[in-house]
Amino acid sequence: MKRVLLLVLSLLLIHQILPPTAAANDNIKFKGDFRYRIEAIDLEDQDARYRHRIRLRFGLNADINEQLSLVFQMSSGSDDPVSNNQSLDEAFSTKNLSLNLAYVTWKPSAVQGLALMAGKMVNPFMSVGKSELLWDPDLTLEGMAANLGHSLEEISLFFNGGLFWVEERSSGDDSYFIGAQGGFKFDLTDTPGYIILGGGYVDYVNAEGFGPFYDADDPAGNTVDLAGDYAEDFNTVDIFAEAGTKLRDIPVAFFADFGTNVAADEDNIGWLIGVSAGKIKDPGSWNLRYQYKYMESDVVVGRFTDSDFIGGGTDGKGHEFNVGYQVMQSTTLALTLFLNKQGLDEEVNYTRFQGDIKFKF
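First residue of the sequence shown? That's 34 in the numbering used here, and the numbers climb one at a time after it.
Check each hint, because a few of them may be wrong.
Unchecked claim - Okay, derived cross-link-like pairs now, DSSO-like style, lysine-lysine, Cα gap no bigger than 27 Å in a straight line: (1) K391 x K314; (2) K218 x K163; (3) K163 x K314; (4) K350 x K153; (5) K393 x K374; (6) K218 x K62; (7) K218 x K312; (8) K279 x K163; (9) K163 x K393; (10) K140 x K64; (11) K279 x K62; (12) K312 x K62; (13) K374 x K62; (14) K62 x K128; (15) K64 x K312; (16) K140 x K62; (17) K314 x K350.
Because the hints were derived from the structure by calculation, they are not lab data.
Produce the complete structure using the sequences and hints provided.
If you want it as structure tokens, here you go:
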């Protein structure tokens, strides 16, 4: 940890003291964000839980040349793949920083709209309405990916795909997944608005019969056998849509996402619908968002889906409400409320409230 901090501080110092021509300041951009969160969690028949949490992310984007770029980012929190949050506890103990992003992007000049990435990267798959049906927004994937876009007047086509390593085993088969996604965005001409339609497929290799990813003792809602290993494979087909327009100059969007795990015979469906209004961009701007989500046990790998809904994982349903307001430049207040049911059979009440203040720099 000390070596990591020393490296980061050294990079910042070099960036500040060297002249622009030597430091190539135009090719290196530092950025980050900080969030303070107050959270309350109420699970039926249990004592309510209250906690204060922080999230810090900072790093750099560096242009290597006209075609290559590098992204590097550190973040707070533990090694949990779906959370950068750090709870304020443990008697003022020091907190950890971890490598969150480290990847290179190649945009070959010979192929317009193509981007090839390798390393630990931001999720290359698009999500309508910031949907978290398949992936938690904090998840950063590890492997190789490609994004390809092409515009034809009012229609923009897109394709995203990749190969990602989940578990490398020294004495056993490795677990990984292959994902592909494609679709189009159609810009309306008679009225301001757009339509997005698309679909994707995620195929895990060596999941069934192996222990749950990351935490072998916690299947995160997925079905396990008597040995505690995954009872099902995960080959999820995903279909999504979004339609947006403006009402009195206010952007409004409706979105839906449906997934089914074709490798499982039952408990293999998940879906969500939602609506959003407004957009955070300047002081005084705001946004509202609502979605309803339904997740059966084995529609996706529970470890990698939304970590806030039903407390994380699959096998639940419920509502999510969110409101945000930018109080000053680069400073936003946000409130989020989850009214969920844990377990589609048991339907245990789960309520979660989050109050955030976010800063970007």
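Comparing the hints with the structure gives:
1. K391 x K314: Distance of about 13 Å is within 27 Å: holds.
2. K218 x K163: Distance of about 16 Å is within 27 Å: holds.
3. K163 x K314: 16 Å, holds
4. K350 x K153: Violated. K350 to K153 sits at ~31 Å, over the 27 Å cutoff.
5. K393 x K374: 34 Å, violated
6. K218 x K62: 30 Å, violated
7. K218 x K312: 19 Å, holds
8. K279 x K163: Between K279 and K163 the Cα gap is close to 18 Å, so the pair holds against 27 Å.
9. K163 x K393: Distance of about 19 Å is within 27 Å: holds.
10. K140 x K64: 22 Å, holds
11. K279 x K62: 34 Å, violated
12. K312 x K62: Status holds; Cα separation ~25 Å.
13. K374 x K62: 43 Å, violated
14. K62 x K128: 26 Å, holds
15. K64 x K312: 21 Å, holds
16. K140 x K62: 18 Å, holds
17. K314 x K350: Given pair K314, K350 is violated - Cα atoms ~31 Å apart, limit 27 Å.
Hints 4, 5, 6, 11, 13, 17 from the earlier list are contradicted by this structure; the remaining hints agree with it.
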